[in-house]
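Please work from the sequences and hints to get the whole structure.
With the UniProt record's numbering applied, the sequence shown corresponds to residues 1 to 288, in that order.
What the hints contain is simulated information worked out from the structure, not anything from laboratory work. Just so you know, nobody snuck in bad clues.
Listed next, with one range per pair, are the computed distances between beta-carbon atoms:
| no. | residue 1 | residue 2 | range |
| --- | --- | --- | --- |
| 1 | Ile-99 | Tyr-253 | 48 to 58 Å |
| 2 | Ser-251 | Ala-286 | 13 to 23 Å |
| 3 | Lys-178 | Asp-134 | 14 to 24 Å |
| 4 | Ser-281 | Leu-76 | 28 to 38 Å |
| 5 | Leu-28 | Lys-113 | 20 to 30 Å |
| 6 | Glu-179 | Asn-245 | 29 to 39 Å |
| 7 | Ile-268 | Ser-125 | 38 to 48 Å |
| 8 | Pro-57 | Glu-141 | 30 to 40 Å |
| 9 | Ile-99 | Asp-257 | 46 to 56 Å |
| 10 | Leu-76 | Leu-28 | 19 to 29 Å |
| 11 | Asp-106 | Tyr-185 | 42 to 52 Å |
| 12 | Ser-125 | Trp-244 | 22 to 32 Å |
Using N, Cα and C, we set each Cβ at its ideal position, and we do this for glycine too.
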Amino acid sequence: MEKFDGGEVKVEESIDPSNTLRWVRGKLIGEGVFASVYMAKMIKPPTIGSRIKDYHPIMAVKTTNTDCASEYNESLNDKKILDLLIDCPYIIQCYGDDITIDTNVDDDGNVNKVIFYNIFLEYASGGTLLEFIDKSPLYNESKQVKCYVQSILKGVECIHDKGIVHCDLKPDNILLVKEKEDDDYFVAKVSDFGSSKMANDCRTPVRGTYEYQAPECRNDKIQEQYSDIWAVGVIVLFMLTKKWNWKDKLSKYISEDAKDFLLKCFEIVPSKRPSAKMLLSHPFVAIV
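As structure tokens, this is what we get:
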């Protein structure tokens with residue numbers, strides 16, 4: 001046993017006997033449809049050739065039960081996409097993955113083994129953008145809000161430059177990471193690529209969260225990079241008004257720059273929506 005996060009926890013070991021990595025799982029910090037996320041503390045660095053690429057004492061670990069095929073496949077896709085985006089500072093960083101076994105004994109004395117797939121991620125001490133919005137006042141167009149929007153757009157630009165469609169952009173999937181340990185400045189980083197796909201992949205069905213889906217996703221079953229731009233618009237609308245749906249009466253509560261930014265994201269004709277790169281030059285965020 002090892003002490004972590006105020007209690008004693010079991011030391012986790014890789015299923016690969018050649019990997020001497022040892023780590024402990026801390027408190028639950030997030031729970032989604034496809035996985036649970038915990039604090040993780042490394043107590044022994046990985047060996048050369050390990051699937052853990054970097055040694056960071058405190059990380060987050062996203063854990064999936066491999067018996068759940070769909071969830072396991074989502075996690076594998078998450079890791080694959082994160083590896084393609086490893087150099088982007090506006091994407092949550094992935095440090096590697098590992099497989100562990102948990103053994104327990106049921107009431108009848110039967111020994112059960114569960115295999116878990118673990119992805120080690122950059123720890124976001126600021127929580128999610130959704131948590132930030134919950135604590136923020138209505139119609140907040142502060143510099144902090146605009147900085148977060150700018151960071152999200154830079155992350156989306158990285159994603160699209162790699163030919164990827166995120167497919168599930170929403171405040172829950174934007175994490176706030178401290179830029180430096182000794183200050184209180186947080187950077188918004190895009191996460192959760194379990195639903196992502198490559199652009200122009202017609203075989204993949206429409207995915208994601210209904211409130212953030214563009215009209216072409218709902219009506220025509222088309223989901224491409226321009227659909228992510230619509231989702232960015234919904235995120236910004238929700239940041240400012242705490243509502244998902246645009247209504248004309250909301251426009252009197254927000255600035256003309258914010259209104260114009262949103263209307264560009266909400267262009268009904270998908271091909272007429274600006275790219276993330278173009279939106280970075282919009283007055284709503286360009287002044288940051």
